[in-house]
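**Student:** Below, each chain spelled out in residue letters.
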Amino acid sequence: MAMAALRREGRRFAPLISPRPITAVRSSPLYPTLEDEGPLGLRHISTQVVRNRMKSVKNIQKITKAMKMVAASKLRAIQTKTENSRGLWQPFTALLGDLPSADVKKNVVVTISSDKGLCGGINSTSVKISKGLHKLNSGPEKETKYVILGEKAKAQLVRDSKKDIELIITELQKNPLNYTQVSVLADEILKNVEYDALRIVFNKFQSVVSFVPTVSTVLSPEIVEREAESGGKLGDLDSYEVEGGETKGEILQNLAEFQFSCTMFNAVLENACSEQGARMSAMDSSSRNAGDMLDRLTLTYNRTRQASITTELIEIISGASALEG
Amino acid sequence: MLRRALGLLPRPIAAARARSFSTDLPAAHTADATFMEAWNKVMPNMDPPKTPLSFMHPRPPTPSSIPPKLTVNFVLPYASELSTKEVDMVIVPATTGQMGVLPGHVATIAELKPGVLSVHEGSETTKYFVSSGFVFIHANSFADIIAVEAVPLDRIDANLVQKGLADFTQKLSSATTELEKAEAQIGIDVHSALNSALTG
Numbered sequence: 001m002a003m004a005a006l007r008r009e010g011r012r013f014a015p016l017i018s019p020r021p022i023t024a025v026r027s028s029p030l031y032p033t034l035e036d037e038g039p040l041g042l043r044h045i046s047t048q049v050v051r052n053r054m055k056s057v058k059n060i061q062k063i064t065k066a067m068k069m070v071a072a073s074k075l076r077a078i079q080t081k082t083e084n085s086r087g088l089w090q091p092f093t094a095l096l097g098d099l100p101s102a103d104v105k106k107n108v109v110v111t112i113s114s115d116k117g118l119c120g121g122i123n124s125t126s127v128k129i130s131k132g133l134h135k136l137n138s139g140p141e142k143e144t145k146y147v148i149l150g151e152k153a154k155a156q157l158v159r160d161s162k163k164d165i166e167l168i169i170t171e172l173q174k175n176p177l178n179y180t181q182v183s184v185l186a187d188e189i190l191k192n193v194e195y196d197a198l199r200i201v202f203n204k205f206q207s208v209v210s211f212v213p214t215v216s217t218v219l220s221p222e223i224v225e226r227e228a229e230s231g232g233k234l235g236d237l238d239s240y241e242v243e244g245g246e247t248k249g250e251i252l253q254n255l256a257e258f259q260f261s262c263t264m265f266n267a268v269l270e271n272a273c274s275e276q277g278a279r280m281s282a283m284d285s286s287s288r289n290a291g292d293m294l295d296r297l298t299l300t301y302n303r304t305r306q307a308s309i310t311t312e313l314i315e316i317i318s319g320a321s322a323l324e325g
Numbered sequence: 001m002l003r004r005a006l007g008l009l010p011r012p013i014a015a016a017r018a019r020s021f022s023t024d025l026p027a028a029h030t031a032d033a034t035f036m037e038a039w040n041k042v043m044p045n046m047d048p049p050k051t052p053l054s055f056m057h058p059r060p061p062t063p064s065s066i067p068p069k070l071t072v073n074f075v076l077p078y079a080s081e082l083s084t085k086e087v088d089m090v091i092v093p094a095t096t097g098q099m100g101v102l103p104g105h106v107a108t109i110a111e112l113k114p115g116v117l118s119v120h121e122g123s124e125t126t127k128y129f130v131s132s133g134f135v136f137i138h139a140n141s142f143a144d145i146i147a148v149e150a151v152p153l154d155r156i157d158a159n160l161v162q163k164g165l166a167d168f169t170q171k172l173s174s175a176t177t178e179l180e181k182a183e184a185q186i187g188i189d190v191h192s193a194l195n196s197a198l199t200g
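Residue numbers (full-length UniProt numbering), protein chains in the order written: chain U, 1 to 325; chain D, 1 to 200.
Same shape as in the complex, but just chain D (with noise of 0.2 Å):
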């Protein structure tokens, strides 16, 4: 019970900052001043064309204290996982092995590779199998994770991807060209994975 008062409370001053920030800057000012200059003068009967930053929903500063909750935004190309959500942790398959990213995290630029993603907030915990994308963690306890392809771990059967694992297996035996051989390896590491995030 006090835990959750606890979690309730940051979230209204995180908004009131979010709105303060958002008013403080007007929308032209977001837009690069020195391009808009330019195009005027390149063409002055046209209006300069917008850049994303114009459609972007403003970051907060870096706090001077480490906030209770690390804000997630998890991406695909064709969804939105999670956008802005405020957890406990998350556990990324990084190139580097499995990493923990918690709130006041130092800023991190790092590739995924296929594995398990956790996501922790409060005692429930969501799993999602990746297949690869990047992970970028900044400095005001903002983490932005984009994957090519990732699923809820209780939707991938079992049987399926021991079979997989087989085909591939055979696939890099039977492989002549690096090309083949490679595409082998890809399936192989990603079905291996895909095996001990279900049985591990």
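If we strip away everything but chain U, and leave its shape as in the complex, we get (with noise of 0.2 Å):
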């Protein structure tokens, strides 16, 4: 493809340079300066061009390739905080179980994305997600808002759902993640929507090369009380005694905000991670193209410069044979 940009170049340039001062750039002693003219961009293809294409691509290679160092490390670091913090969720829904079904008025998505763009499809993702979630939650009498952390999910969902944006929340990796800061921004969440059930949207961290669009969901404590008197799925609840606090909706209040925090957390650490490992593999693919890039722009480049020298070559040869003859 870039040789045939190239030759798109070439021959959009030719009728505009002429030979003359091309051939005055070049110092070669056997080259008369002065000479006839022959056919347009025939012999004296200027290599200039390649040569300045090979200099941008390598240096786009030089700055992939540090972005994807920096992603790799930054993965490491965050790769452990987010596997420690795995088993923080699961207590949560094996008690509380996973209702991602129910039917509720208010909903609120929770939907996690990045800062910074250059990490693969990953944003793009959790916003889909997040649209669909909205597609299946509205209707006559129901109400689904966004709550957006980052930056990517801001700007792809402002265009078409702003009126549904409760909140927005960016510059969250400005410093490490600790479980101090998720919680005051869970607060922060918990304080400004109204909800019956709160989706949080965001990437579950496989491998480096892989993520899985997840959704978990956070029951208000009233519909929680409702789900669990109505047998069910949370049936098993009320089997449970409740220990201390006033009254049991106490609670499960107490209860479905530390639960909010505890999964914020886990997700906002996986989110990450998932952001660093889609980085990693971009930016590494990247370099990787940039590589081959540079390999057939070198191979063009050195096939036009021998081209020409096999050029000047015969015609000194075949100029010499004739003064001979």
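Below, computed lysine-lysine pairings styled on DSS-like, alpha-carbon distance capped at 27 Å:
no.: 1; chain 1: U; residue 1: Lys106; chain 2: U; residue 2: Lys248
no.: 2; chain 1: D; residue 1: Lys127; chain 2: U; residue 2: Lys81
no.: 3; chain 1: U; residue 1: Lys116; chain 2: U; residue 2: Lys174
no.: 4; chain 1: U; residue 1: Lys174; chain 2: U; residue 2: Lys162
no.: 5; chain 1: U; residue 1: Lys145; chain 2: D; residue 2: Lys50
no.: 6; chain 1: D; residue 1: Lys41; chain 2: U; residue 2: Lys105
no.: 7; chain 1: D; residue 1: Lys50; chain 2: U; residue 2: Lys81
no.: 8; chain 1: D; residue 1: Lys41; chain 2: U; residue 2: Lys106
no.: 9; chain 1: U; residue 1: Lys116; chain 2: U; residue 2: Lys62
no.: 10; chain 1: U; residue 1: Lys142; chain 2: D; residue 2: Lys41
no.: 11; chain 1: U; residue 1: Lys128; chain 2: D; residue 2: Lys50
no.: 12; chain 1: U; residue 1: Lys233; chain 2: D; residue 2: Lys41
no.: 13; chain 1: D; residue 1: Lys50; chain 2: U; residue 2: Lys142
no.: 14; chain 1: U; residue 1: Lys105; chain 2: D; residue 2: Lys50
no.: 15; chain 1: D; residue 1: Lys50; chain 2: U; residue 2: Lys131
no.: 16; chain 1: D; residue 1: Lys113; chain 2: U; residue 2: Lys248
no.: 17; chain 1: U; residue 1: Lys233; chain 2: D; residue 2: Lys50
no.: 18; chain 1: D; residue 1: Lys113; chain 2: U; residue 2: Lys81
no.: 19; chain 1: D; residue 1: Lys171; chain 2: D; residue 2: Lys181
no.: 20; chain 1: D; residue 1: Lys41; chain 2: U; residue 2: Lys163
no.: 21; chain 1: U; residue 1: Lys135; chain 2: D; residue 2: Lys41
no.: 22; chain 1: U; residue 1: Lys135; chain 2: D; residue 2: Lys50
no.: 23; chain 1: D; residue 1: Lys41; chain 2: U; residue 2: Lys128
no.: 24; chain 1: D; residue 1: Lys85; chain 2: U; residue 2: Lys81
no.: 25; chain 1: D; residue 1: Lys181; chain 2: U; residue 2: Lys191
no.: 26; chain 1: D; residue 1: Lys50; chain 2: U; residue 2: Lys74
no.: 27; chain 1: D; residue 1: Lys41; chain 2: U; residue 2: Lys131
no.: 28; chain 1: U; residue 1: Lys145; chain 2: D; residue 2: Lys41
no.: 29; chain 1: D; residue 1: Lys50; chain 2: U; residue 2: Lys106
no.: 30; chain 1: U; residue 1: Lys145; chain 2: U; residue 2: Lys128
Because the hints were derived from the structure by calculation, they are not lab data. All values derive from a computational prediction rather than experimental measurement.
The task is to assemble the complex, starting from two chains supplied on their own in separate frames and drawing on the hints.
**Tutor:** The structure is reproduced here in structure tokens:
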């Protein structure tokens, strides 16, 4: 493809540049500066364009390689953290179950994305899933709002669902993530939105090259109580004795808030980890691509150079033999 | 010697049960079927997202007889301190008072207050100081302890605890707003719990 582009470039530039200035640039003693002008663009293809392009591709490759290294080192730090935080949500799921199909009035979709780009498809995946959840939970008497974490999901969602956005939080990853920070954030969200069900959308880290879009559901205490009373999947909850607190509702309230902060903590870490993994693989493939492109350009450049040298030699030899003969 | 042999005995049985459980239920069944269906109706050309249940380690059903050991999961935001560890007993600092949990304990949800969590395993006892959190005891003799912060008791500096206690007592007396008072009160509670954990 690059060669085709180059050929196009060559054709475009050929009529514009007269051969004389180009030959003037060449400091070959064998080459007469004033000679009869041959067909345009045949012998005197400028290698300048190719050389410039090679330089820029090489610089791009340097940048992507450096970004890959940075992502790799960040990934290593965050991966252990993420793996350690995986135990955190399991007790809640064991107790309160996992009800993504809960039919409630006020839905809040918490979309977790990254602040920076160049990390493959993780942000558009979580935006797409969020839109799907929005569609799934919209209907008469139902409303679905967005809470957005991160610049990238904001940029994508502001375009078509601006009226549904309740809260936008960015610059989450300026400092290393810790539980205190995330629980402050969770508190902020709980204070600002009314919810019956919070659906946290994030990319769960699986390996450097793969991530799984995931949605965790946190139900409000009233809904939990309703579901428990009506039996069904949460029917077991009624058999639990509740210790401490004034009422069962109070404990459930604390539990729901704690569940939200714990789930958020894990979700934010998983997403950050997937981001670094995706960035690493994206940068890896783009530096490999730049390398391929550089190879092709070098080949073109050398071929052109070789061709012009051959032409010059032929000219000299044929000139000499014409004199002799 | 005999006691150890007894302790070893139920483990293969439990492992076999867990395995049969995981093969009985393929992964697709653990996810919410109604959700999958609804999703496929609304967004037919996109795979439904996964839900936490599909990443969850399966829990065994409630056995008919009381198992000899209690299975404990003790998690912190930054670590899984104990993960499906089988112990004899744990004592947790619930808001209603210290609560001893043995296998076959009635299913309970309890909030934790700052205090000492001790894990008894044979003749060994491990003690942690936990700040706050929740404990869920399930009918199948599983206990999940979630704490915001926990440290082994021997890593706490007694002098710093005394100093902190004095600091917060002074803060409480000089506090003017309700918020400051509440903050100082929390500080005092934590430090006096630490103090009594160290001395008691």
